[in-house]
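Quick note, the sequences are listed as chains A and B, same order. Residue numbers for the first sequence follow my numbering, so the first one is 1 and each next one is one higher. Residue numbers for the second sequence follow my numbering, so the first one is 1001 and each next one is one higher.
Honestly, the hints are just simulated from the structure, not real lab data. It is possible that part of the hints are untrue.
[Stated by the list, open to error] Here are the in silico distance ranges between beta carbons for each label pair:
(1) B:1082 / A:70: 39 to 49 Å
(2) A:14 / B:1085: 38 to 48 Å
(3) B:1072 / A:78: 40 to 50 Å
(4) A:47 / B:1008: 21 to 31 Å
(5) A:18 / B:1015: 41 to 51 Å
(6) B:1018 / A:18: 42 to 52 Å
(7) A:58 / B:1018: 43 to 53 Å
(8) B:1008 / A:67: 34 to 44 Å
(9) A:24 / B:1041: 42 to 52 Å
(10) B:1080 / A:58: 39 to 49 Å
(11) A:71 / B:1073: 40 to 50 Å
(12) A:40 / B:1059: 24 to 34 Å
(13) A:69 / B:1003: 44 to 54 Å
(14) A:40 / B:1116: 18 to 28 Å
[Claimed, not checked] When the alpha-carbon atoms are kept at most 20 Å apart in a straight line, the in silico SDA-like pairs for lysine to any residue are as follows:
(15) A:3 / B:1055
(16) A:106 / B:1046
(17) A:38 / B:1041
(18) A:38 / B:1002
(19) A:38 / B:1043
(20) B:1055 / A:47
(21) B:1041 / A:8
(22) A:3 / B:1046
(23) B:1042 / A:111
(24) B:1041 / A:10
(25) A:38 / B:1104
(26) B:1041 / A:7
(27) B:1042 / A:12
(28) B:1064 / B:1019
(29) B:1041 / A:109
(30) B:1041 / A:44
(31) B:1041 / A:42
(32) A:38 / B:1037
(33) B:1041 / A:65
(34) B:1020 / A:44
(35) A:38 / A:20
(36) A:106 / B:1043
(37) A:38 / B:1005
(38) B:1042 / A:47
Backbone N, C-alpha and C fix where the C-beta goes; we use that ideal spot for every residue, glycine too.
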Amino acid sequence: AQKVTQAQTEISVVEKEDVTLDCVYETRDTTYYLFWYKQPPSGELVFLIRRNSFDEQNEISGRYSWNFQKSTSSFNFTITASQVVDSAVYFCALSFSGNTPLVFGKGTRLSVIA
Amino acid sequence: GAVVSQHPSRVICKSGTSVKIECRSLDFQATTMFWYRQFPKKSLMLMATSNEGSKATYEQGVEKDKFLINHASLTLSTLTVTSAQPEDSSFYICSASSGGWNTEAFFGQGTRLTVV
Chain A
1 AQKVTQAQTE ISVVEKEDVT LDCVYETRDT TYYLFWYKQP PSGELVFLIR RNSFDEQNEI
61 SGRYSWNFQK STSSFNFTIT ASQVVDSAVY FCALSFSGNT PLVFGKGTRL SVIA
Chain B
1001 GAVVSQHPSR VICKSGTSVK IECRSLDFQA TTMFWYRQFP KKSLMLMATS NEGSKATYEQ
1061 GVEKDKFLIN HASLTLSTLT VTSAQPEDSS FYICSASSGG WNTEAFFGQG TRLTVV
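So that you can see chain B by itself, here it is in the shape it has in the complex (with noise of 0.2 Å):
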């Protein structure tokens, strides 16, 4: 399958600094991303979903001004959690898809987020 790469694994950072989160396709384009968050022995929520070149779209109760998202090139989002709070810290994780309907989209490995 194709590789999706998520960078950091693991970021621990104070309250009321912000976090970016970057998503890379290595091999191919990503014309959507999707953006999950995980709390500790919970599912995945689905945050949002980003088109390249367009606003996000954000799932409802996701506050778009804390989770900025950003999917400025085919290869690359961002996850930028603003101010970040205690109550932020879960694990976020990216999938990308080339589009279309018979397409995959593919999971990077995740980053684990503390906020202390």
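The following block holds chain A by itself, in its conformation from the complex (with noise of 0.2 Å):
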């Protein structure tokens, strides 16, 4: 079975800080995606990223980055320089395809505090 932990629950940070929120998954498939979708609070998913299991290169955008390391089975992502906007929670994901649900971690709850 699938299973995907986001340990951390709540974080706060202080703008401008740097923060890594961790991911682990569990998976007995050899290929699958992983996704990090951040959650507003009007409730719709922004998709972050999507990642293929064949794929362990890290990833930079702007101000965020992934980190994939099949070794660890862990997706962690990081933002660096935290702004107030990027409160919100963010939850990582696990699929086989494209056509399989999603599994999703708890989610964590980000507040960034000015």
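Taking the hints as your guide, dock the two standalone chains into a single complex.
What follows is the structure in structure tokens.
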């Protein structure tokens, strides 16, 4: 069975600090996809990244970066120089393919204080 | 990315009434749609998977007679909450996929249902 663990329930940081959100996953599949979504108070899910299991390259997009390590089954997300607008719940998720459902972690609530 | 439109975004209904939520793929054909439910401050849990033209597959513990899912076309799936009760109040969100291993599922905006 697939499982995603986000051990950090809530994180609070001061603006401009860097913050890393942890994600550990479990799957028996050799091919799979990993995702990160942002959920602001409005509720919609904002897609941040999708990474397939064959691509272990780290990725950077502006202030966001992701570290994928298959050896530790982790897919961590770092926000550099955090801003108040980054305050939201962040979900890590796992799926086998595009037409299978996502398994979500419990989410990490990030509060960035000005 | 592709666009999935979910309607309504918010709905308040009286206990005992039925509510229909629509999920439309606007610029692609969605062979598979997923319906998730999210309780306040909780994660998203899969309710059911629907493939166009077939009966939906419900997750364990989800009442199929209460949450009716119809996926009659490649661009529309509906979730009907029948005889809604206050405990059905939740955030419901759909995602749609064009199918295939390397495709991606796109999420609608979600529907916040409040049953009074």
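Holds or violated: residue 38 of chain A and residue 1005 of chain B, Cα atoms, limit 20 Å.
The hint holds at about 18 Å.
Taking 18 to 28 Å as the hint, is the beta-carbon distance of residue 40 of chain A and residue 1116 of chain B inside that range?
holds, 26 Å
With the threshold set at 20 Å, check whether the alpha-carbon distance from residue 106 of chain A to residue 1046 of chain B stays at or below it.
Cα-Cα ~13 Å, so holds.
Does 21 to 31 Å hold as the CB distance between residue 47 of chain A and residue 1008 of chain B, or does it fail?
holds, 22 Å
Has the given pair, residue 3 of chain A with residue 1055 of chain B, been kept, meaning a C-alpha gap of at most 20 Å?
violated, 26 Å
Tell me if the straight-line CA distance from residue 1041 of chain B to residue 8 of chain A falls inside 20 Å.
holds, 14 Å
Decide if the proposed pair is consistent with the structure: residue 38 of chain A and residue 1002 of chain B, CA atoms, cutoff 20 Å inclusive.
Measuring from Cα to Cα gives roughly 18 Å; hence the hint holds.
For the pair supplied as a hint, residue 106 of chain A and residue 1043 of chain B, is the alpha-carbon distance within the 20 Å limit?
holds, 5 Å
For residue 1082 of chain B and residue 70 of chain A, compare the CB-CB distance with the range 39 to 49 Å and indicate the outcome.
holds, 44 Å
Just tell me: holds or violated, for the beta carbon distance of residue 1080 of chain B and residue 58 of chain A against 39 to 49 Å?
Taking Cβ atoms as reference, residue 1080 of chain B and residue 58 of chain A lie about 44 Å apart, which means the hint holds.
Tell me if the straight-line CA distance from residue 1041 of chain B to residue 44 of chain A falls inside 20 Å.
holds, 14 Å
Distance restraint hint 38 to 48 Å, applied to the beta-carbon atoms of residue 14 of chain A and residue 1085 of chain B
holds, 43 Å
Checked against the numbered hints listed earlier, the structure breaks hints 9, 13, 15, 20 and 33; every other hint is satisfied.
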